[in-house]
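Using the hints provided, position chain L relative to the given structure of chain E.
Quick note, the sequences are listed as chains E and L, same order.
Here the first sequence is numbered in the UniProt record's numbering, starting from 1 and rising by one per residue.
Here the second sequence is numbered in the UniProt record's numbering, starting from 1 and rising by one per residue.
Hints may contain errors.
Repeated chains share a single entry, so a pair holds when one copy, or any two copies, can fit it.
[What the hints assert, rightly or not] Computed cross-link-like contacts, DSSO-like style, restricted to lysine-lysine with a CA-CA straight-line distance of at most 30 angstroms: (1) Lys285 / Lys42; (2) Lys109 / Lys236; (3) Lys42 / Lys262; (4) Lys233 / Lys253; (5) Lys171 / Lys185; (6) Lys73 / Lys199; (7) Lys190 / Lys298; (8) Lys98 / Lys141; (9) Lys42 / Lys83; (10) Lys42 / Lys73; (11) Lys185 / Lys83; (12) Lys262 / Lys285; (13) Lys298 / Lys262; (14) Lys141 / Lys23; (15) Lys298 / Lys141; (16) Lys272 / Lys17; (17) Lys298 / Lys138; (18) Lys83 / Lys141; (19) Lys190 / Lys285; (20) Lys282 / Lys199.
None of these hints come from the bench; they were simulated from the model.
Every value quoted in this text rests on a predicted model; they were computed, and no experiment measured them.
Single-letter residue listing:
There are 2 protein chains.
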Amino acid sequence: MRLALIGVGNVGKAFIKLLAMKKNFLLLNNIELELCLVANSKGAVYSQFGIDCNNLIGELENGQLLENNIEFKKDVDVIDLIKACGIETVILATPTNKNNGEPGITYIKKFLSYGINVVTADKGPVLIDYHGLAEIAKRNKARLGIGCTTGGALPSINGGIIELAGSDVYKIEGVLNGTTNFILKEMEDKIVSYEEALKTAQLLGIAESNPTLDVEGFDTATKILILSNVIMKSNKKIEDISIQGITDITVEKIQKAKEEGKRYKLIGTAEKTGDDVNISVKLEKINFLSDFYNVEGKNKAVKYYSDTLGELTIVGGASGTIPAAASLLRDIINIYRNNNNEWY
Amino acid sequence: MRLALIGVGNVGKAFIKLLAMKKNFLLLNNIELELCLVANSKGAVYSQFGIDCNNLIGELENGQLLENNIEFKKDVDVIDLIKACGIETVILATPTNKNNGEPGITYIKKFLSYGINVVTADKGPVLIDYHGLAEIAKRNKARLGIGCTTGGALPSINGGIIELAGSDVYKIEGVLNGTTNFILKEMEDKIVSYEEALKTAQLLGIAESNPTLDVEGFDTATKILILSNVIMKSNKKIEDISIQGITDITVEKIQKAKEEGKRYKLIGTAEKTGDDVNISVKLEKINFLSDFYNVEGKNKAVKYYSDTLGELTIVGGASGTIPAAASLLRDIINIYRNNNNEWY
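The shape of chain E in the complex, shown without the other chains (with noise of 0.2 angstroms):
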């Protein structure tokens, strides 16, 4: 399957390297893709017959530009030269956005109505339109992976799509980001504020050094809204969720909490309420039962309730950008086995 990737960002950059790390793990396993063309938004580096992903991250890991790599054709048109060139998949690793959902969306739309599969770790476009996407992929037999956009290596989106295949998916819930994870767990273990264990998280990189889509709430607000338009087929906006964050929370409450054997968690959880769907996030006090419990640090988990397969608890999800990269991976190699009958 050739394939094109277009951002070369720190997901990118990943992604190439990913490849070049799975190359024999993938001719092994009769899985057979070829890195074509990788662009950004001055160009693109083009090879018929793959690019070497060994040289070529070599060259970006040397601080190169992609514009350095000696094959690199500016001011091409890079939607004309995919199309052109019998590209089969789309790997999008543009920037996210996510009051318009630019530029993925357009790049998104434009692929799959040419019937070329996209995958992609850009939340912005699925947010701001995923049935609209959705509709497409399916008018034009094409497929759409965001199995990366609510918890990179967290089998979340997946997970309900193809492992409750035929249950009805009444209730979802998730701890679904790493940062206010962290944070509560400093704050239990060390005995430290809400402000000193954000300095943390900060120094050690976790935390951004403007935190307010993190500890608001909105990160898991925006991985919940995903989850239920997916896989509930609700048709919510980030307006119609209740959002709290984890800033108001106390070092003494959290303690106390810990006497009682007990943890906050910030849980996103989206309900079927007759014909409609509650989302809300909110910081819950939860104890050793709670399949949450131990999800701690870095690790996310999603919950599902489901008619006929019951309950399912999918917890994991390795942060960083190689396991970011090896979810759009998983993605692309799943729409492989699918075209190319390749499961054994």
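Below, chain L without anything else, positioned relative to chain E:
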């Protein structure tokens, strides 16, 4: 997609019932499944336009035999009939024989060789010759669905194949047997001996009158063996596994563990060691930090360790014949979606 069901024992009946229950759900989700043939060892009911599942399950639940249905044809050659009438997927709910895999294995080989997909709950054939069956499926572009063979509703096999695609799984652990899990919990909660807890499990229909397969660890061994052979592509037999059961456990040991905040669990493990895979079943004492600590009663769990996608724990697996049938339906729907790009 035209379906045929072979075997009308408890799981076969539950499958017919489930199709009746899910008729509207499937229509709403654009999943077109028609059960056209239901066979037992004496013959088959066949309808070109689809059997009325609601009617048939009504008859069977009223104590009628399949033979009493007015469409029943005696002594037909089921394999010929399935071939002749355009069945795309066969659901095999035949009784399990772990020594020779019959009658399932002969059916599976035939159907796959005709390019007909097979979805089965029958562990026997998978234990006896998984790689042989996979080879036939591959050669004939058919699918073999075995998601129901290692823990029913728990998506253990599919979790490993689909959700960790592209990663190297180097270790698998699982709490895979509900009966032993129930007995151990009963001994902890009610402070009763192994014998008493077993008796309760038998009274509740959780343990069989001859509980050997469960309590001696063979059922767990079977499941971890299948997971290893399918996901790590090992080629092991039951004789290669070191198996310990739970029959030697005393209530004193369990109560002492409880005081330490620990629990005993029967855990199956498969781990790569160089080019080989080591498989064992052992009673292990774990603490509350283990992902398996809260896997109680009839719940089951599997944990995967992978290179690029990190650790993944899956907990769940509703028990009973409807969830077992629902896990057959899950595999069928995923095959249907593959073939019809009906993912959205």
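A quick look at each hint next to the structure:
1. For the identical chains of this complex, Lys285 and Lys42 are neighbours neither inside a copy (49 angstroms) nor across copies (58 angstroms), given an alpha-carbon limit of 30 angstroms.
2. Taking the shortest alpha-carbon separations for Lys109 and Lys236, only the intra-copy value of 20 angstroms comes in at or below 30 angstroms, while the best inter-copy value is 47 angstroms.
3. For the homomeric pair Lys42 and Lys262, neither the shortest alpha-carbon distance inside one copy (52 angstroms) nor that between copies (59 angstroms) is at most 30 angstroms.
4. Within a single copy, Lys233 and Lys253 get their C-alpha atoms no closer than 37 angstroms, and across copies no closer than 49 angstroms, so neither meets the 30 angstroms cut-off.
5. In this homomeric assembly, Lys171 and Lys185 come within 30 angstroms of each other (Cα to Cα) both inside a single copy, at 26 angstroms, and across copies, at 28 angstroms.
6. Taking the shortest Cα distances, Lys73 and Lys199 never come within 30 angstroms of each other, neither inside one copy (44 angstroms) nor across copies (75 angstroms).
7. Proximity of Lys190 to Lys298 under the C-alpha cut-off of 30 angstroms is restricted to the intra-copy arrangement: shortest distance 17 angstroms within a copy versus 37 angstroms between copies.
8. Within a single copy, Lys98 and Lys141 get their C-alpha atoms as close as 27 angstroms, which meets the 30 angstroms cut-off; across copies the closest is 42 angstroms, which misses it.
9. For the homomeric pair Lys42 and Lys83, the shortest alpha-carbon distance inside one copy (18 angstroms) is at most 30 angstroms, but the shortest distance between copies (56 angstroms) is not.
10. For the identical chains of this complex, Lys42 and Lys73 are intra-copy neighbours only, at 9 angstroms inside a copy versus 69 angstroms across copies, given an alpha-carbon limit of 30 angstroms.
11. Within a single copy, Lys185 and Lys83 get their C-alpha atoms no closer than 49 angstroms, and across copies no closer than 60 angstroms, so neither meets the 30 angstroms cut-off.
12. Taking the shortest alpha-carbon separations for Lys262 and Lys285, both the intra-copy value of 6 angstroms and the inter-copy value of 23 angstroms come in at or below 30 angstroms.
13. Taking identical chains as interchangeable, the C-alpha atoms of Lys298 and Lys262 lie at most 30 angstroms apart whether they share a chain (19 angstroms) or sit on different chains (25 angstroms).
14. In this homomeric assembly, Lys141 and Lys23 come within 30 angstroms of each other (Cα to Cα) both inside a single copy, at 28 angstroms, and across copies, at 25 angstroms.
15. Proximity of Lys298 to Lys141 under the C-alpha cut-off of 30 angstroms is found in neither arrangement, the shortest distances being 37 angstroms within a copy and 41 angstroms between copies.
16. When the C-alpha separation of Lys272 and Lys17 is checked against a cutoff of 30 angstroms, the pair qualifies only between copies, where the shortest distance is 25 angstroms, while the shortest distance within a copy is 42 angstroms.
17. Taking identical chains as interchangeable, the C-alpha atoms of Lys298 and Lys138 are never at most 30 angstroms apart, the minima being 35 angstroms within one chain and 39 angstroms between chains.
18. In the homo-oligomer, the alpha carbons of Lys83 and Lys141 lie at most 30 angstroms apart both inside one protomer (16 angstroms) and across protomers (29 angstroms), since each shortest distance falls under that limit.
19. In this assembly of identical chains, Lys190 and Lys285 lie within 30 angstroms of each other by CA distance both inside one copy and across copies; the values are 19 angstroms within and 28 angstroms between.
20. In this assembly of identical chains, Lys282 and Lys199 lie within 30 angstroms of each other by CA distance solely inside one copy; the values are 22 angstroms within and 44 angstroms between copies.
Violated hints for the displayed structure, listed by number in ascending order: 1, 3, 4, 6, 11, 15, 17.
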